[in-house]
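Engineer: So the chains spell out like this:
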Amino acid sequence: MSDLNLLYKQAILEHNRNPRNFGKPDAWTHHAEGLNAICGDLVEVYLTIKDGVLEAVHFDGESCAIATASASMMTEVTTGLSVAQWQARFAQFKQMMDKRSQDQTFAELGQVSTLVTVKKFPSRIKSATLCWYAVDAAIHGRPTATTE
Amino acid sequence: MLRDQFPGLNNQVHGKPLVYLDNAATAQRPLAVLDAVNGYYLHHNANIHRGVHAMSESATELYEQARGSLARLINAPSPKDLIFVRGCTEGVNLVAQTFVRSRLKAGDEILISHLEHHSNIVPWQILCEQTGAVLKVIPMNEQGELVLDDLDRLLNARTKFMSVVHISNSLGTINPVKKLIKAAHDQGVPILVDGAQAAPHIKVDVQDLDCDFYTVSGHKMYGPTGSGVLYGKAEHLNAMPPYQGGGEMISKVTFESTVYNAVPAKFEAGTPNIAGGIGLGAAAEFMLSVGLERIEQRDHELRIYTEQALQQVDGLRIIGTAAQKSPVFSFVIDGVHAHDIGTIIDHYGVAVRTGHHCTMPIFQFFGLAGSCRASLAFYNTEQEVDVLVESLLKAKAMFA
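Chains as they are written, first to last, in the working numbering: chain A, 1 to 148; chain B, 1001 to 1400.
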């Protein structure tokens, strides 16, 4: 498998082609825009949080395959989590994507773990992490996030 | 062969020969420039305009010779009309703060164009915040050419300064700057031309253009990073206050007052980028020895070839199709984000830039977040363009 296939894995290409929970929903309680302006990656996230639970997680925007696939996977893995659980996943995700860390994955992150190989392309880590920081911003009431 | 003069082109990336098509971001440097920089550090390493010792004198001579080479390259009346700066960004900021600022009052206007790099937008926005002046913009069309129909209205009694880019870094459009300079002068408006992308590609003659200021970035024209020159008409430079205070720019300092040095030293506070300046002079001499006509001819050939070659990629759309164009190709491909294209073709050795290229208003006009940009220089080859096309086809296949 060439390096390029480690970045553009089939699962990532598939999520990019058919992103889940993609599109602006009719209603939401929390919203933020994740923007990496230099790269041209835009991921908008729309959350419905009720009684401390992420009942729905949607996204849209125009971004590269890595950012799109990461967001798609993230929505599937995090829908239904409590905000506290989401924060624990976010911490695990940050640890997994940290350039300095080993290629450690976490069972709780499910399919999101497939993104660990993006670390072999350091300039693309920011694409994979954008949606997570956007959700974090939305939860904390910040309108925007960037990972550039 | 000219290409052999650029050792940076011999690199391999990901085990493939480098295909360097990111020249609008920064060019490769010829041996003559590398030798000049190294030669200064090895044999003339001393501060300039200060010492009485031999190396200080020889370093000063090299630095001033470099100024002379730059003056010849852009046909300035005198080397004294050139100020060494870090690049065009500093050139624009210098003019904004020392020439334009004192001429402005609230409600006055500064005119730029839609094709500007952020470095020829933001310094004017800062100036507008400082003075209450208003920034006006010459619009552009779908081809990425300036629309001059309303120029008479845009250039009016409130207009106090104009600043336009000679060649667009993201679309390659060559602007009709001579016509714009004439139009500005007909209204009594002084004008700066941002020549960052022009100096490496076309013959620049500041006397023929009759512009008030012209900026050049060294690293775009095969010289060192952090080097550049600002040309200004002598009458302006002599009347302008200094930009920064410090050593070199003074002739006498007491605690009560300071007498400034003469132009250009007045604008060159502190020990300058000596090696960079000397290297930039070598770049100018290199370009003069190659010949601007030859560079322009090669640019033309590469532009025609690339334009046709890119048509082999289905769903590829070139952004910016001006009649007068430098070999710069911004493009998008249906179904593949620019960022992904950049990563994939890098894998095949092809270096391009992706994103907004520091020209966000241009991409807002086209409704795009950004593009892929292949920018060529005279040392690129048709074979390299073929590698670009092949790698783009592979990127497309991957996303099919």
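Rather than coming from a laboratory, the hints here were simulated on the basis of the structure. One or more hints might be untrue.
Label-pair ranges, simulated between beta-carbon atoms [unchecked claim]:
{"id": "1", "chain 1": "A", "residue 1": "K99", "chain 2": "B", "residue 2": "I1126", "range": "32 to 38 Å"}
{"id": "2", "chain 1": "B", "residue 1": "E1256", "chain 2": "A", "residue 2": "D98", "range": "15 to 21 Å"}
{"id": "3", "chain 1": "A", "residue 1": "K99", "chain 2": "B", "residue 2": "T1271", "range": "34 to 40 Å"}
{"id": "4", "chain 1": "A", "residue 1": "R20", "chain 2": "B", "residue 2": "Q1312", "range": "32 to 38 Å"}
{"id": "5", "chain 1": "A", "residue 1": "R20", "chain 2": "B", "residue 2": "G1335", "range": "41 to 47 Å"}
{"id": "6", "chain 1": "A", "residue 1": "A107", "chain 2": "B", "residue 2": "Y1041", "range": "34 to 40 Å"}
{"id": "7", "chain 1": "B", "residue 1": "Q1312", "chain 2": "A", "residue 2": "A37", "range": "55 to 61 Å"}
{"id": "8", "chain 1": "A", "residue 1": "R100", "chain 2": "B", "residue 2": "T1381", "range": "50 to 56 Å"}
{"id": "9", "chain 1": "A", "residue 1": "G80", "chain 2": "B", "residue 2": "A1397", "range": "20 to 26 Å"}
Being a predicted model, the structure only gives us computed values, none of them experimental. Here a beta-carbon is modelled for each residue, glycine too, at the ideal position from N, C-alpha and C.
Engineer: Please go over all the hints and tell whether each is borne out by the structure.
Structural biologist: Hints, verified against the model:
| no. | hint | in the structure |
| --- | --- | --- |
| 1 | A:K99 - B:I1126: 32 to 38 Å | holds (35 Å) |
| 2 | B:E1256 - A:D98: 15 to 21 Å | violated (57 Å) |
| 3 | A:K99 - B:T1271: 34 to 40 Å | holds (37 Å) |
| 4 | A:R20 - B:Q1312: 32 to 38 Å | holds (35 Å) |
| 5 | A:R20 - B:G1335: 41 to 47 Å | violated (18 Å) |
| 6 | A:A107 - B:Y1041: 34 to 40 Å | violated (56 Å) |
| 7 | B:Q1312 - A:A37: 55 to 61 Å | violated (31 Å) |
| 8 | A:R100 - B:T1381: 50 to 56 Å | violated (41 Å) |
| 9 | A:G80 - B:A1397: 20 to 26 Å | violated (37 Å) |
Violated hints, listed in ascending order, are 2, 5, 6, 7, 8, 9; each of the other numbered hints is respected by the structure.
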